[in-house]
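Visitor: The chain contents come next:
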Amino acid sequence: MSEITKELERRIEAGWMVEPQDVRRMLKHNDDMGRSFSQWLYAYMDMSQLQEILYQHYQLCLGGKVDLETMKAVAGSAMNTVASSARSNKMEDVMSVLYRSAAALNGCKDLEELADLIRKVQRFINMMFYAIDLAFPWSEVSKAYNEIRKDFVPPHRAGAVDVCDL
Amino acid sequence: MKKLKFTFHGKDFYANMLTDQAPVTCEAVEKACPFTTRWVHAKIVANEIFCPTKIEGPVLRENPIPNLPGDIGLFDTPQTICCWHGDMKPLGSGNVFARFTPEQMEVFHAEATGLWKEPGSLVTVDVVEEE
Amino acid sequence: MKKLKFTFHGKDLYADMLTEEAPLTCEAVEKACPFTTRWVHAKIVYNEVFCPTTIEGPKFRENPIPNVPGDIGFYDLPQCICCWHGDMKPLGAGNVFARFTPEQMAAFHEETVGMWEETGCPVTVDVVEEV
Amino acid sequence: MSEFTKELERRIDAGWLTEPQDVRRMLKHSAAEGRNMAQHIYAYMDLWLLQESLYPIYRVTMGGNADLDTLKAAANGIIGPAANNFRATKMEDTTSVLYRSITAISGCDSLESLAATIRVVQRFINMMFYAVDLAFPWDAMCQEYSRVMKDFVPPHRAGAVDVSDQ
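If you read the protein sequences in the order shown, they are chains Y, L, R and B.
Numbering of the first sequence is given in the numbering used here, commencing with residue 4 and proceeding in unit increments.
Numbering of the second sequence is given in the numbering used here, commencing with residue 208 and proceeding in unit increments.
Numbering of the third sequence is given in the numbering used here, commencing with residue 198 and proceeding in unit increments.
Numbering of the fourth sequence is given in the numbering used here, commencing with residue 58 and proceeding in unit increments.
Every clue listed holds true.
Below are the DSS-like pairs computed for lysine-lysine, each with C-alpha atoms no more than 30 Å apart in a straight line: (1) K250/L with K324/L; (2) K93/Y with K240/R; (3) K207/B with K153/Y; (4) K250/L with K207/B; (5) K210/L with K238/L; (6) K296/L with K207/B; (7) K250/L with K93/Y; (8) K31/Y with K240/R; (9) K85/B with K240/R; (10) K207/B with K31/Y; (11) K324/L with K147/B; (12) K261/L with K147/B; (13) K256/R with K112/Y; (14) K208/R with K228/R; (15) K9/Y with K228/R; (16) K153/Y with K240/R; (17) K207/B with K240/R; (18) K240/R with K147/B; (19) K147/B with K153/Y; (20) K286/R with K153/Y; (21) K146/Y with K286/R; (22) K9/Y with K256/R; (23) K296/L with K261/L; (24) K286/R with K85/B; (25) K146/Y with K250/L; (26) K63/B with K238/L; (27) K324/L with K93/Y; (28) K286/R with K147/B; (29) K240/R with K250/L; (30) K31/Y with K250/L; (31) K153/Y with K250/L.
Simulated from the structure, these hints should not be mistaken for laboratory data.
Chain Y with its partners taken away, still in its complex shape (with noise of 0.2 Å):
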């Protein structure tokens, strides 16, 4: 086992029942002005992405009949695009991890090694999506939406036409 994967299982055993640090730095990033919903709803959205594609990576890959350099490009671009916005939301851990794995990446000598690390990021990725899904006041802020969606008409709907549905 290698040096980032013992660290991901690591990382995934310590969040599995206690929330991680990071969501803590990303839930006080913009809270001063007030836009901490996005913040959370940005943070949440780009581990459901993540963790997503990382699987249909990691799938291809069991498959066995992929280029493993192109493998490497496209899964090393996808961790990429997390890890700078997971910066961006002052997730500095997932940040890091994403950033190394993504070199580490190269170093897979066969498809078998790929999916394996892509699996054990997908995993911490995972463990990330519940531990922001569990910081979120679902049941409230449901409430709320739909409080708040009985006068709300968004602006580009003048106009629409719909076919019949019925």
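Following the hints, complete the assembly by docking chains L, R and B onto the known chain Y.
Guide: Chains L, R and B alone, transformed into the frame defined by chain Y:
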């Protein structure tokens, strides 16, 4: 000197095009102009608004510098023009192809600050020669 | 008959393992047990709760049938056990590896129906022989 | 220009200033159970997933030295699951476009035609992303979220330890 012109709320606002720092991007923007689109307010950064466009700019950013108040950048992923028009914590570095002078930014800022509560308002974008 | 056991709120709640329809998944689940995790409430489907796990199950779904109330499925992405414990509109077809009897589901439903307001409740998962 | 590309260009123009019907279909769905905020967030998230993950593949394709079949598999591996999610969100036009884009992508015979196809699908997704964005009451929701968060304690925070960030 070429100017980027935004028309919304019945008024015209200008910024200077950076034709020497981002010639290819400026050319792509001018080629797509004029067009009408909507302002969308940035969800995290304060004093940033952007508008979706159909500009096919360079795939690799020509002038990727950390964004400061007054910068105007083109983002190729969502094909949007982003304007930073006041104090803000930048998220990254866009492909900056135009910039407000302090005077231009002041009048733009006065009109744009209300857009957080008025998302989706229409704007026409054009490139004009300085009179 | 092997049973899937959930312990939370100080109570033990059971479901029957489907060792014929999903032998590999049942084996992978048993191998990972016992473990403690947290309930997360589904965000869109009603009467669905799931818990993240570290189960390494089969990569391809062994028993991908449309989910109905009483089904318990394993999702390799995102490695979670999902329980449908009452009336609901299913979103898809999980890899169903266990099922509540009507009585088991009634007891489970009673304990979980309030979970939308009580997120993250710890739960211990185990596989036991029928007593 | 292929028939599929022509359709997407037409849909992009139509949805540019006026809200596409899929947005209203999604907003109606799950309204009965009061889960429409989650419905809205997950639709927004699935569009974000496609927008953010197709672009890195588009850039690798534009780079010109990658394996065509691997890139097709990577792109379709992302679009397939996303299309399933839109079926569940009742965004039927988006679902239909995505399933047909898988066929279009599979039919590409060069990196250049693949890049053009991914790009037009991504631009359609961009348009839908901003249409769903404009249908969300951001200002009011941010205020409600900040109000609710004042006394919300995440279930997994107990026992969490912070390294110093000062």
